[in-house]
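Student: Chains A and B are the protein sequences, given in the same order.
Mapping of the first sequence onto numbering that gives the first Met the number 0: residues 0 to 188, in sequence order.
Mapping of the second sequence onto numbering that gives the first Met the number 0: residues 0 to 912, in sequence order.
Simulated from the structure, these hints should not be mistaken for lab results.
Quick caveat: nothing in here was measured; it's all calculated off a predicted structure.
Keep in mind that a hint or two might mislead.
With a Cα cut of at most 30 Å, we get these calculated DSBU-like pairs of lysine-lysine [to be verified]:
1. B:Lys295 - B:Lys310
2. A:Lys42 - A:Lys63
3. A:Lys133 - B:Lys13
4. A:Lys126 - A:Lys186
5. B:Lys131 - A:Lys132
6. B:Lys13 - B:Lys493
7. A:Lys126 - B:Lys131
8. B:Lys524 - B:Lys783
9. A:Lys186 - A:Lys133
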Amino acid sequence: MGVSPMSSTGVGPVAKKKKLPETRARRPCHEMGSIMLSDEVKKEIDAEARHYPQRRAVVAEALKAVQARRGWVDDESLRDVADYLGLSFDEVDSIATFYNLIFRQPVGRHVILICDSVSCYLTGYEKLLDHLKKKLGIALGQTTADGRFTLLPNACLGLCEQAPAMMIDNETYGHLTAARIDEILGKHE
Amino acid sequence: MLTIYIHNEPYRVKAGINLLEACLSLGFNVPYFCWHPAIKSVGACRQCAVKVFKGPEDTRGTLLMSCVVPVADGMRISIDDPEAVHFRARVIEWLMLNHPHDCPVCDEGGECHLQDMTVMTGHVQRRTRFPKRTHVNQDLGPFVAHEMNRCIQCYRCQRFYCDYAGGRDFGVFGWHDGVYFGRAQSGTLQSEFAGNLVEVCPTGVFTDKSLAQHYTRKWDLTTGPSICVHCGLGCNTIPGARYGQLRRVYSRFNSQVNGYFLCDRGRYGYEFVNSDRRILQPRLRQEDGSLAPVAKAQALAFVGQALQRGKAIGIGSPRASLETNFALRKLVGAEHYFQGESAQKSAISEAILDCLQRGPTPTVSLHEVETCDAVLLLGEDVLNTAPMLGLAIRQASRNQPLEEVARLNVPFWLDLVARLITQDQIGPIFIAATGATRLDGLARQIYRAAPDDLARIGLAIAHLVDPTAPEVSRLPDDAFSFAHPVAEVLKAAKRPLIVSGPSLGSVELIHAAANAAWALTRAGKDARLCYAAESCNSLGAAMLGGGDLTAALELLRSGQADTVLIVENDLRRHMPENDFEELLSLARCVIAVDHLEQATTQRAHCVLPAATFAEAEGTLINNEGRAQRFYKVLPPPAAVQESWRWMGELWVASGRGEASPWPNFDAIVAALASEFAIFKDVPALAPPASFRQVGQKIGRQPHRYSGRTAETADQTVFEPPPPEDADSALAFSMEGTPLEPPSALIPRYWAPGWNSLAALNKFQIEVGGPLHDGDPGQRLIAPKPYPQSPYFKDFVSPFARRPQQFLVVPHHHIYGSEPLSAASAPVASLCPKPYIALNGADAAAAGIAGADQEVVLSLAGASLRLSVILDSTLAASLAAVPAGIAPFEGLDLPAWGTIAAAPAGGQRGGGGS
Ligand code: SF4
Ligand code: SF4
Ligand code: FES
Ligand code: FES
Numbered sequence: 000m001g002v003s004p005m006s007s008t009g010v011g012p013v014a015k016k017k018k019l020p021e022t023r024a025r026r027p028c029h030e031m032g033s034i035m036l037s038d039e040v041k042k043e044i045d046a047e048a049r050h051y052p053q054r055r056a057v058v059a060e061a062l063k064a065v066q067a068r069r070g071w072v073d074d075e076s077l078r079d080v081a082d083y084l085g086l087s088f089d090e091v092d093s094i095a096t097f098y099n100l101i102f103r104q105p106v107g108r109h110v111i112l113i114c115d116s117v118s119c120y121l122t123g124y125e126k127l128l129d130h131l132k133k134k135l136g137i138a139l140g141q142t143t144a145d146g147r148f149t150l151l152p153n154a155c156l157g158l159c160e161q162a163p164a165m166m167i168d169n170e171t172y173g174h175l176t177a178a179r180i181d182e183i184l185g186k187h188e
Numbered sequence: 000m001l002t003i004y005i006h007n008e009p010y011r012v013k014a015g016i017n018l019l020e021a022c023l024s025l026g027f028n029v030p031y032f033c034w035h036p037a038i039k040s041v042g043a044c045r046q047c048a049v050k051v052f053k054g055p056e057d058t059r060g061t062l063l064m065s066c067v068v069p070v071a072d073g074m075r076i077s078i079d080d081p082e083a084v085h086f087r088a089r090v091i092e093w094l095m096l097n098h099p100h101d102c103p104v105c106d107e108g109g110e111c112h113l114q115d116m117t118v119m120t121g122h123v124q125r126r127t128r129f130p131k132r133t134h135v136n137q138d139l140g141p142f143v144a145h146e147m148n149r150c151i152q153c154y155r156c157q158r159f160y161c162d163y164a165g166g167r168d169f170g171v172f173g174w175h176d177g178v179y180f181g182r183a184q185s186g187t188l189q190s191e192f193a194g195n196l197v198e199v200c201p202t203g204v205f206t207d208k209s210l211a212q213h214y215t216r217k218w219d220l221t222t223g224p225s226i227c228v229h230c231g232l233g234c235n236t237i238p239g240a241r242y243g244q245l246r247r248v249y250s251r252f253n254s255q256v257n258g259y260f261l262c263d264r265g266r267y268g269y270e271f272v273n274s275d276r277r278i279l280q281p282r283l284r285q286e287d288g289s290l291a292p293v294a295k296a297q298a299l300a301f302v303g304q305a306l307q308r309g310k311a312i313g314i315g316s317p318r319a320s321l322e323t324n325f326a327l328r329k330l331v332g333a334e335h336y337f338q339g340e341s342a343q344k345s346a347i348s349e350a351i352l353d354c355l356q357r358g359p360t361p362t363v364s365l366h367e368v369e370t371c372d373a374v375l376l377l378g379e380d381v382l383n384t385a386p387m388l389g390l391a392i393r394q395a396s397r398n399q400p401l402e403e404v405a406r407l408n409v410p411f412w413l414d415l416v417a418r419l420i421t422q423d424q425i426g427p428i429f430i431a432a433t434g435a436t437r438l439d440g441l442a443r444q445i446y447r448a449a450p451d452d453l454a455r456i457g458l459a460i461a462h463l464v465d466p467t468a469p470e471v472s473r474l475p476d477d478a479f480s481f482a483h484p485v486a487e488v489l490k491a492a493k494r495p496l497i498v499s500g501p502s503l504g505s506v507e508l509i510h511a512a513a514n515a516a517w518a519l520t521r522a523g524k525d526a527r528l529c530y531a532a533e534s535c536n537s538l539g540a541a542m543l544g545g546g547d548l549t550a551a552l553e554l555l556r557s558g559q560a561d562t563v564l565i566v567e568n569d570l571r572r573h574m575p576e577n578d579f580e581e582l583l584s585l586a587r588c589v590i591a592v593d594h595l596e597q598a599t600t601q602r603a604h605c606v607l608p609a610a611t612f613a614e615a616e617g618t619l620i621n622n623e624g625r626a627q628r629f630y631k632v633l634p635p636p637a638a639v640q641e642s643w644r645w646m647g648e649l650w651v652a653s654g655r656g657e658a659s660p661w662p663n664f665d666a667i668v669a670a671l672a673s674e675f676a677i678f679k680d681v682p683a684l685a686p687p688a689s690f691r692q693v694g695q696k697i698g699r700q701p702h703r704y705s706g707r708t709a710e711t712a713d714q715t716v717f718e719p720p721p722p723e724d725a726d727s728a729l730a731f732s733m734e735g736t737p738l739e740p741p742s743a744l745i746p747r748y749w750a751p752g753w754n755s756l757a758a759l760n761k762f763q764i765e766v767g768g769p770l771h772d773g774d775p776g777q778r779l780i781a782p783k784p785y786p787q788s789p790y791f792k793d794f795v796s797p798f799a800r801r802p803q804q805f806l807v808v809p810h811h812h813i814y815g816s817e818p819l820s821a822a823s824a825p826v827a828s829l830c831p832k833p834y835i836a837l838n839g840a841d842a843a844a845a846g847i848a849g850a851d852q853e854v855v856l857s858l859a860g861a862s863l864r865l866s867v868i869l870d871s872t873l874a875a876s877l878a879a880v881p882a883g884i885a886p887f888e889g890l891d892l893p894a895w896g897t898i899a900a901a902p903a904g905g906q907r908g909g910g911g912s
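Go ahead and model the full structure; you've got the sequences and the hints to work with.
Tutor: Here it is, written out as structure tokens:
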């Protein structure tokens, strides 16, 4: 189960349970070596929880803590979070799937968020996207076969004055051109 | 009352409501989606926009969502304002962007709120050119079908399922136009109320899976007002039939009883009517021992003679109507009439009836339960025995937190805001039970103990509230530390409620609940007392009186009886196997009248086919003593008729008279009322069969009913006249009154432009309020202000464990413990297998290795081979078994038993030895 991080058409989140393209076929969780919540993660969740009267309030933070270590949130970790916070699987998954940056499917080592919002759209987003797709051989919502990159669209990165823009992992890049993209990608192993 | 101006005309409206409710109550058509009269306002869909003007001079006005704006005195609004009209048309166009063009293949079609609203807003041309988003649907179990592409994102389903009904296996997933309503993973919806999604969803996302098995459009359904027969609460229903088959059950609004909803046992239990086990012909035992179908005359002659020659007794049933039980009682004579329950069960029904009448505390309707602000549940797992009572208690749990909402001047119907303010707060609910119950998540404190100790808790609370109530000696510390705060909280509440019921088989528990409630009343509280009832007419049967089955067996043993006429009852469910066998062997002649083949009909000498609730008129008394009438929705199959009618014919066949004393339904109701003072108002529950509106009966079929001329075209080209109905003012026809029928006779909700069940708005005095001429049904009993202390002085000694023994207690299951619904295929698929539950410590002490181990339970002379379930919530020294599920039917529980590891081999799942 799970929701793909983004739709393959790029117009919005993909329907729940839509089959992913073969290249992204999911491996069952147990093969991914799911972990129980570590003490470290629990400590992080508890620290966050102290700020709120309800434990429910820290679901997003808890999921981020899991994702920071695993790169994405698998079903078993999600169930662990639910149990730890006294919530049901469905309640936590509702929140997990609401945020486009909580990944419910495995992603590559680097996640490219290409901005498809107004400023970037006007300054050449479509061409850059084509270039990225060709260069990586994947569509939006997919991961390269070598597990290096996942390509996702994102609404405004707050970098309009440098449009077109994208973000890889925690770095943003503006004034993009095809050549600059090639150069940036080259720096990510 | 306030005055508001709509299109510059003044209208009087109730203060404190919202504009949408006001407009709808006044009869205006304002389109809406996310608002629901029970689930209230959230302002999510933007469909209900109206113009609100600052004053007479303001000509521009402001567009506001009417469902979130409270009415104010002097408010001026316009529904028809061009800008508002335009806005609403654009909103629906936008909601419809992704909606498929699939009305012809959609099960909602013809009764779809989205269709109605689309027509109402005039959105008739679709302009969208884009690919529509599509979803993958889920398998949600046997009750509810899922087609997510039709969703318009109103959030009603989630708000009902999670917020209103407390379900936790449902949610909203994703975001943007991919937002998805369902479960995280495919699987059976766990809520007892999941079926309501079918009615709550304004589109065809959630539809009735059982209806889909034999689908019919609403306009082709023959419907009528009916009552649920699957527990004692008497929820009002509208069953629908086509071609002689029952096709579905929908809720029928009753502001006092079930409001807008039903539980899934009640909604999906109906398929027993269509079951292969239906008895459709009289059957007579042949010389070769077989039961063979015979002509009605032959069966009547046989039974007539048997009654004449033999010393006959009649055994009635808590699931048969008052009329049927009464007719049987008349036929065999009061002294030979028995109510058809075990001594234990009938003592409990009588105790309940007694407690509701001899003490000062009034009982409650389900609606009144929702107004209580502190609840003590004593021994009853209501979500399994009387599910809608659990839903009402859940609403009651919001009353104390909602006080804060009121203090902040936020209207309670502003649901999202109210829930943000109240967060996880829950009003005081206390649960004392033998083990976990499905309401435990609401409980402030839980006490788990054996039935006797639960009764002692009730008695102790009574004494803590009112020191003149009898004291309980030797109360252990843990019991006291539960009872004391409960007593304090109940005393501090405005309207405390005590809930108990028959499911643990303890009269003491019934008495203890009464003591607690009476103590609160004596302490000046506006307290209430509520008992669940096991069968749809348990209280009616108790009101009619008659001995229990032990007394019946005694009569047979003593030779004073040798012929037994059993009506709508499977005695095997009410007596242990040995007694059942003894009764059959003592009786020279056994006659059974019922709908379905069951243990008793299989052993009878003659079987007469009885009409089900869907094919008969009758009156049932629910758990609060409310008399309610149900009507046929389809004519009984050829050889089938109402049990009371069989009794009338047996009257003649046994030489009691020339003609049946009850030629029609009104006659038997009149006879019942003249003989029993308590039933004197029963005839007035609904208009008689002679009632006409503008000279016409009330049509059970919509005026758009199709195919009547074709229904029998394979046999004849002549259209047959519709079946006559001499028993009611309803007709099996599309012809009928054009007016709104009296509330007891409303066969369906429909109004011009309102094909969905939201047409109900047009039948109510105000939305969410009673039907125009009042809700049907009437409570027949009242509390009695008592001059002195009415208290029971029951002395219940503390539960004493017995070495190497377990007290076997019955645990009820919403699906399985009630026999009629268990014969309905979708319900049957959810019934548990037989089991024995023990807590881990007890199991270990008894040398049981763990779950799934096979054990032999020796109980009441029988040895039952069962598989073990470990239940850490079960009180010590108890073993729980599923009530009413083979091999436990007919056993009077609690009872002591022993458990031993099963020898290898042998058969699982019981079977006597
Ligand atoms: S599934 Fe139905 S009730 Fe739920 S949001 Fe969609 S349209 Fe509304
Ligand atoms: S609560 Fe009882 S009466 Fe109401 S629908 Fe359910 S089974 Fe029927
Ligand atoms: S629109 Fe691309 S960064 Fe703002
Ligand atoms: S009904 Fe008012 S916004 Fe949905």
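Student: If a hint holds in the structure, say so; if it does not, say that too.
Tutor: Right, here's what the structure says about each hint:
1. B:Lys295 - B:Lys310: Given pair Lys295 of chain B, Lys310 of chain B holds - Cα atoms ~23 Å apart, limit 30 Å.
2. A:Lys42 - A:Lys63: 13 Å, holds
3. A:Lys133 - B:Lys13: Distance of about 65 Å is beyond 30 Å: violated.
4. A:Lys126 - A:Lys186: 21 Å, holds
5. B:Lys131 - A:Lys132: Roughly 24 Å separates the two Cα atoms, so the pair holds.
6. B:Lys13 - B:Lys493: Status holds; Cα separation ~25 Å.
7. A:Lys126 - B:Lys131: 25 Å, holds
8. B:Lys524 - B:Lys783: 16 Å, holds
9. A:Lys186 - A:Lys133: 18 Å, holds
Hint compliance for this structure: hint 3 alone is broken.
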